[in-house]
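In order, the protein sequence lines correspond to chains D and C. For the first sequence, the numbering used here gives the first residue as 1, with consecutive numbering after it. For the second sequence, the numbering used here gives the first residue as 1, with consecutive numbering after it.
Among the hints, erroneous ones may be present.
Each pair of labels, with its calculated beta carbon distance range [said to hold, decoys possible]:
#, chain 1, residue 1, chain 2, residue 2, range
1, C, Asp313, D, Asp151, 22 to 28 Å
2, C, Asn430, D, Phe162, 40 to 46 Å
3, D, Gln290, C, Ile5, 29 to 35 Å
FYI, nobody ran anything at the bench for these hints, they're computed from the structure. Just so it is clear, CB atoms sit at the ideal spot from N, CA and C, and this is done for glycine as well.
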Amino acid sequence: MNTFLGLDYNLWWFLVFGAVISGYAILDGFDLGAGSLHLFLRKEESRRIAMNAIGPIWDGNEVWLVIGGGALFAGFPVAYAAIFSAFYVPFMVFLVGLIFRAVSIEFRSKEPWSWWRKAWDIVYCFASIVISLSLGLMLGNVVEGLPLNSDREFAGDLLSFFNPFAIMVSITTLALFMMHGAIFLTMKTENRLFVKLHVLANNFIVFFVVSFVITTLYTLLYIPHLSDFFKSRPGWFTIPLLMILSIANIPRQVKIGKYRFAFISSAITIALLLIMVAIEVFPYLLYSPQHPGNSITVYNAASSTRTMKILLVMALIGTPLVGVYTSFVFWTFKGKVRLDEMSY
Amino acid sequence: MNVEILARVQFAFTIGFHYIYPPLSIGLGLMLVILEGLFLKTGDRIYEMAVRFWIRIFALIFGIGVATGIIMEFEFGTNWATYSKYVGDIFGSALAAEGIFAFALESGFLGILIFGWNRVGRGVHFFSTIMVFVGSLFSAVWIVVANSWQQTPAGYHIVGQGMNARAEITDFWAMVFNPSSVDRLLHVWVGAILAGGFMVLSVNAWYLLHRKHMEIARPTFRIALVVVATFSLLQLFLGDRSAGIVARYQPAKLAAMEGHFDSSARADMYLFGYVNNRTQNTSGVKIPGGLSFLTYGSFKAPVTGLRAFKPADRPSQVNSIFQLYHLMVACGLAMIFLSLLGCWLWWRDALFKHRWLLWVFAFSVLLPQLANQAGWFTAEMGRQPWVVYGLLRTSDALSRVVSANQIIFSLILFTIVYIVLFALFLFLLNRKIQHGPVDYGTKETIEDGSRRDNPILEHEASQS
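One chain only, chain C, in its complex shape:
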């Protein structure tokens, strides 16, 4: 296998695995802020139990997110040395900003969030929760800015030639607010909030199905339902805006997303279908002229197709991009449908009456995860063969001193480690969910309450 494919597989695998966790941290962060805010406002212990339960889940997710995230920062240097030299001036400053402004904030206050409940005042703890949430939002900012610059470069000039060419910043704010930054960031944020919101929905649906912790599960379920209904509708709007940016700045990617080959013709929108990469033919159920309408407001408007680009300048895996993009859209629509259905039943006072629906909600946690992964794969595969759109080819971006064997070694290493990690994660997550929220009791009985929530203390107590 060649180094380029291996390096891409490794990057896709490690970033894909990493990306399970940060969106959950962002989304759960918002849920923690809401639940703790409600606890402070109402003083209702139901919310205390809920928020402290979710803090424990948050800690588990955050830990794995950090561990798998550190890999990413250095993988640019290990596998993509030429890329690192090329974009260091730009990408590096975004990454440095991420470290100093976002990660430091998150990790600093994380200690208080997780360990500080009885150690600091309620206000200080709430403040820490907010800071962790804000930090996680910030950390999305800089990495999405850096990635958006790769999609729609701005505020730079090229210095040097051939292998020594590199991009240098000419205008920092133009680089930060490059044409796609803001829309993509909002799209990513909302995707992350949906990941957290649906996780809360799913766990509480499971409690309701098993008639456990009902008094906590009902209100938390409703709060999460409001969150996901709001944000899944918002995502429809933001997704459309992101697609508009792609249409404007990366026409080849847009054409690949809908399997549109004709260089300049009316473009259809497929509900589902199949692209034959070899014969360059797309078939499936379609709305004729749909893509033309969404892009230019007219069913007849011509849209630039893939054949308008030289084969070397456009993505080759069109079918994969097509399928992933449609998977993302389908998941997004399913989220909207589910959350609106939930709201409608709530209004009819029948929210918790249908067991089948609760089961659907229990599995709905997978929808935002699938959509997030599929969306990123679309964005990154659609940009090929470029790593920096129009400027640097992926095949030129590699570390020239790294051999295929070294990458195979690390790929096998990470595959094993991540499989173990994922199995442990699911196991512990399941145990925590089974264990559920705990009533910590009043100040006087806090000792007993504490025992109930700590596996080690609980174990000791049951032994004596």
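The shape of chain D in the complex, shown without the other chains:
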């Protein structure tokens, strides 16, 4: 087996893919969250400020989804083929959600009529919610596993996606994004809108913690194999422990008004959640509970080692570049939102 720094290429690419997905969840997570809570803001001015807070950056955030799709396609084509043909209907709904969200941001400010803007506000908010829920639903099903046939293709039906675990993960994802988004907006707003978002952030923290606890309890009770890894290796318990500390830190920082730290904490929470998911599912990319032999793993789904090497080189060159200009753009638009003639 070819290795790089002691780890084989498949594992490396699994880590890269995981990092890209985490990056996507952290970055698009806050703008999806900001979108999902959009209708909680009542005044036209507040909505404009909230939308402009994500205006210059949401598009860059969404690119991480494109990179993630490419990373999966390139590194694990069998998994890419199986996952997206299996999730055909939910994924189409997700994509239509993305279209409507993108155009609602783009179109909303183009006309002065209040019905026009209210209509796009509703589209924007619902599209954000649908995207978050369907992402969570698909994540839940991937974690839990899907029925696969001997060709490693999906053998279930649409209704099987709507099982209790996947629905709980779905709601938890929405809650997580709303919390993340509300905290992000507190950093970008002032005065009464800021006070309102502070209250909203606290509410969404409660929403998230409650749904997270319920999902975790359900997992421990009904899907015990997902916690096997941690039960057999007590040393790794530091990761869930860190996650609990990081979650606990969010309301603390919000309370003392350190919103940036609260935001960093919720970003770390997202990353740790996905790291836990990755540890629990590894080496499976798609587990088949009925016939474990049909499961898709990072080894039987992978591209050739040569491609893995090419991909790693690309990641090593590309990531610093993306990091540099993403930071530059975030830095340009740092601080509270100022509306000007170029704003949405």
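Got chain D; can you put chain C on it based on the hints?
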């Protein structure tokens, strides 16, 4: 209806709709770089007004391009799972490169391009404009490389057998620079620049016709005219090179483009005509031996015809390919004629004197769009029945777990969504064009200038 036809219709529909926008982004990107460069060089506010007007149009187009483009990346997996497994090793790496090198660059700097005019220095903004343009050029690179590999595969070997067979990279650079990549990429780039250039021409022609914003419309029109004249002539040369590649590597496609059936005979070139798919007969106005001449430099040289291939190995919809190809060529020639006519009148100092000509220019925006669509349809339909030429058949490339009903569901969904989207796009584009460029005024009066350009602020101002 069978799954293969439905999946192909869906792919053609979603990619065709998507392909309205990225070429405009690339072409307008170049126009933005030119206009902003002129503004920085001359300091003339005319150019500032022009560039900021086009940035707004660009933002609208770019937004829809992104929204419809994300669909495409995942449609490979949803509808063409077997294809995805087969080409993942190759196509996937091109797509990953596209994401990390091109889209990230474009989208990152797009924020500054659109929102940053008063927030960053002029140099930084100009740099961002260039980066967005470069990013859009890059994004064409990787997708065209991946598609060209499907046309002329290189740098790979096949591993496994039957349904588990797949292509693996043996030589990355041979894959990237496969025989058709470079020529097709240049052809696509220039097609995109023409799309943007003609759009600028068209809008400014409309302003001139309506005697609006004349002081901006005249210089911008002239700049765009230079761009389209240069690139439409270049396209003639590049198109010929692309056809040469097709002749060499995909003889069945070339034969279908000209409706040439005889397995080995002199081939004619049609100005227009009709192919009877059933009787395998082509009729129309032709230059005898024209295709032989263009391909081999002699009017008598034999060209491989469609009958040289087994019916299962050659495209069946010959008439459609023939018509689409001729539509592309006709649009290309019309663009050359129009832009040269414009240049000649300019030289005679009579560019803006003929209203009928301005009307022609106002509608000329459709020419590159038609040519781009027709060209891609020719390329993709001409490759049939293969999805990877000579290696994987389209009928084998499907997702076997996806049913016809699921595809019908998504096809109806996308049809409705895209019709709504297109109507909104045209409506907003029209409103923006009607609104036109705005004089932002000097630094002292920027507040009032800002109001004039933002529908919401403008509305508030008129209320109070």
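query: Broken hints, numbered, in rising order?
result: Per hint list: zero violations.
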